[in-house]
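With the sequences and hints as input, model every part of the structure.
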Amino acid sequence: MVETGGLSTFNIQHGYVEALVRGMRNSFVSDSDYHHLTQCDTLEDCKLNLTESDYGASLQNDSTLTPQDLQKAAVDKLAVEFQYLRSQAVAPLAQFLDFITHEYMIENIMMLLKGTMAGRDINELIAQAHPLGMFKESTMRSVVAFESNAKGYADLYQCVLVDTPVGAYFSKFLQESSQNVGAAGEIRNVLEETEIEIIKASLMKYYLEDFYAFCSSLGGDTATIMCEILSVRADTQAINVTLNSFGTPLNDPSMRSTDRRRLYPSVGFLYPAGTSMLAQASDEESLGQVCSLYPGYASAWACHVENDDRSIDDAFFERDAALHELAFESQMHFGCFYAYVKLKEQEIRNLVWITECVMQRQKEAVNQFIPLFSQHAPWRQKGGRR
Amino acid sequence: MSSDASGCQSAYCNQGWSEVLTHMSPYGWGSFGIAFGLGLSVVGAAWGIWLTGSSLVGAAVKAPRIRSKNLISVIFCEATAIYGVIMAIVLNGLMKKPEDSSYVDGVFSEGWDYNTWYFAGFGVFCSGLSVGLTNVASGISVGVAGSSCALADAQDPTLFVKILIVEIFASALGIFGIIVGIIQSNSSQFPDKLIN
Amino acid sequence: MNQQVFKGKKKAAVGGFKLLKKKADALKAKFRDYAKAIAETKGTMADDTKDAFFSLTQAEYAAGDFKKAVLEGNMVAQVRVTSAVDNVAGVKLPVFNLQDTGAVSDNQTLGLVGGGKKINASRDRFSLVLKNLVKLASLQTSFVTLDEAMKVTNRRVNALENVTIPRIEGILSYISRELDELEREDFTRLKKVQKSKEERIKEEEARKEEAKENAKAEGIKPMKTVNEDIMSKFESLDGEEVLF
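Residue numbers (our numbering), protein chains in the order written: chain G, 1 to 386; chain X, 1 to 196; chain V, 1 to 244.
Be aware that one or more of the hints could be misleading.
Cut-off 27 angstroms, straight-line C-alpha distance, at most; resulting in silico cross-link-like pairs (DSSO-like, lysine-lysine) [stated by the list, open to error]:
hint : chain 1 : residue 1 : chain 2 : residue 2
1    : G       : 172       : V       : 68
2    : V       : 195       : V       : 208
3    : V       : 67        : G       : 77
4    : G       : 136       : V       : 68
5    : V       : 151       : V       : 42
6    : V       : 135       : V       : 36
7    : V       : 10        : V       : 23
8    : X       : 62        : G       : 72
9    : V       : 68        : G       : 72
10   : V       : 67        : G       : 72
11   : V       : 216       : V       : 202
12   : G       : 77        : X       : 62
13   : V       : 68        : G       : 77
14   : V       : 67        : G       : 136
15   : G       : 363       : V       : 67
16   : V       : 50        : G       : 363
17   : G       : 363       : V       : 42
18   : V       : 50        : G       : 72
Hint data in this document are derived by calculation from the structure and do not stem from the laboratory. Given the structure is predicted, the values throughout are model-derived calculations rather than measurements.
See the structure below:
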């Protein structure tokens, strides 16, 4: 494994790319821009305000701005910037950046697979794919070329999926599922019988574990910062899976310790003591008890219980944003690349939220987004009082 | 040179490091001192410029205004190389060729001041080393600070001056080296003629 | 004869009018109820729909774009609309009802990794909107049908009230007037006859007197002039009748 380099050697390989990503930090929508945006009455006003931000160029073509257009333009812009970074990166950083895209690839592959089973047009599907998770177009097209029977799916898996960067996660998943199903090798069965969200959650779990292992092998600041971020993310997934499984078949006592438990990543602060407690949780109350044992999650849980305005998702988003901003603030490590992509994602969510609110005239809800790099962010003010 | 009293096991006194080092000529020591002094200073400077430069060009992609202002970081790094050059010239000035009358057939005559000669040789070597090593440290340190300076300036122009002060302190490390080096070498005059 | 017929007609018309009036009133009351219900439902609908779409926005904020996942799901309807008929004062009104097909809800695990709660909240909001929407559709269709029925009934009521009944009344009054006239004619005629008879009797008496007096003199016959007078009376009455 190539080292990332410390304080004195990091810049030799990655200084330029790191400086690039830090330059892109300027493109984040500022506090005052957010303020102006929230004051808008119509989408035209919003567009006018956005033309002065970094998104101006990408929004020029659209005559009228809808939240969907804005989202698409912003995601495309992020993808272009990311590709630029990727093309400048070398050895461990390049791999690191690829790891970031794997998450989106998982999403795209799942969409392609499901779309294929439903018999949709490949061009339509490709158009819907997330630009960050694109892989070779020939590979994407070949996904639909396979026959829709057991043999076709086995071929699909052996010829196409295995070669994609996320193939390893698929093979892990299939292995584990076939152990459970009993009859091995029936890939279509596994793919069809398991709900797509569960496959996705499993793949995400393998992805998180793999990413975590990769980051800790890099060592140095990168390991310190990224492992924390990924641990928190893994815990978020575990808590979310548990919370959202209530009221679904996954919460059946027989499924709890097998199927649901398999979705908990084997990294993170909750693992292993917390996750085994989560596996036993049968309702919100018992989940709350587990969360209350971990100070970091107790507050998020309190949000869920007390406040209807802000959900647990908001609390998690907020904490993620704080972590990512902090990751952005130290130098000479890879965490800032991950943080950049995640913060941009949050920003896109914010902008879509604001424009949706403006469009639907929900004036009182418009401020419920999470400001980025803001001096007024709640976690900064808490720190200031301390 | 009094080769009789050498006590070497081999003919040219080159069997193992201990023989090489104990029998090296003070002129050799002095020249190595100059070489290390200049060489390490340039390594430090180059390293610093690399660290600063890569960040500077990267940050200048999105914030072109920083590109000329932050050249000052590069100049700070360059300064360490200049310290090395100055030191090399000073040290070189201390090394004098002995007068023709002081040796015969490559062997110093009676009355050659061996003590001063060896003192000067080690002195020049070590002052070169002091300068070189401090300059490597200073160069890297200025480089790291300069890299951060470029990035910080790109985000927030008001930070530039503040980080520049940090950089100046890093640069001062090299000056400590050169001061000590000069003092060290001051008394290290190579003898050029016989006593009397 | 005719008068009896028309009197019967009038009675029938008035009875019909009363009945129709009652129906119209019932319809009107129902119509008002519906209008009120529609206004209420529409009022809540506006808010509910707004909330529902906003909850979708919230869900998308938390869980990302999940429209694709929903589109790729198996599209088995969970609810269906059935229609029934309601009877209001003889007007048949369609009523729509939501029926649960009992299909297992798809995409239960949607948003498993995040935002599942918000998606469920959004799902609930939209079911509520759907319910309201069907209710509103039902009300609205009934409203339109009722409106139509009410217009027809009102037209009939008004026709009876303002056209048919007055015409029958007119005919009746004409008939009664005509009958009166005839009665009066007969009376006059009788009076004339009586008068002429009295005159004749008087003349008779006078003649008798004269004859008595002029038993010795000769008798004269005044009959002709009396006959002419009676004729002219008749003619003038005929003229008046035509004029009337």
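Status of each hint after checking the structure:
{"no.": "1", "hint": "G:172 to V:68", "in the structure": "holds, 26 angstroms"}
{"no.": "2", "hint": "V:195 to V:208", "in the structure": "holds, 19 angstroms"}
{"no.": "3", "hint": "V:67 to G:77", "in the structure": "holds, 22 angstroms"}
{"no.": "4", "hint": "G:136 to V:68", "in the structure": "holds, 22 angstroms"}
{"no.": "5", "hint": "V:151 to V:42", "in the structure": "holds, 24 angstroms"}
{"no.": "6", "hint": "V:135 to V:36", "in the structure": "holds, 13 angstroms"}
{"no.": "7", "hint": "V:10 to V:23", "in the structure": "holds, 20 angstroms"}
{"no.": "8", "hint": "X:62 to G:72", "in the structure": "holds, 23 angstroms"}
{"no.": "9", "hint": "V:68 to G:72", "in the structure": "holds, 15 angstroms"}
{"no.": "10", "hint": "V:67 to G:72", "in the structure": "holds, 14 angstroms"}
{"no.": "11", "hint": "V:216 to V:202", "in the structure": "holds, 20 angstroms"}
{"no.": "12", "hint": "G:77 to X:62", "in the structure": "holds, 15 angstroms"}
{"no.": "13", "hint": "V:68 to G:77", "in the structure": "holds, 22 angstroms"}
{"no.": "14", "hint": "V:67 to G:136", "in the structure": "holds, 25 angstroms"}
{"no.": "15", "hint": "G:363 to V:67", "in the structure": "holds, 25 angstroms"}
{"no.": "16", "hint": "V:50 to G:363", "in the structure": "holds, 12 angstroms"}
{"no.": "17", "hint": "G:363 to V:42", "in the structure": "holds, 22 angstroms"}
{"no.": "18", "hint": "V:50 to G:72", "in the structure": "holds, 24 angstroms"}
When the structure is compared with the earlier hints, no violation turns up for any of them.
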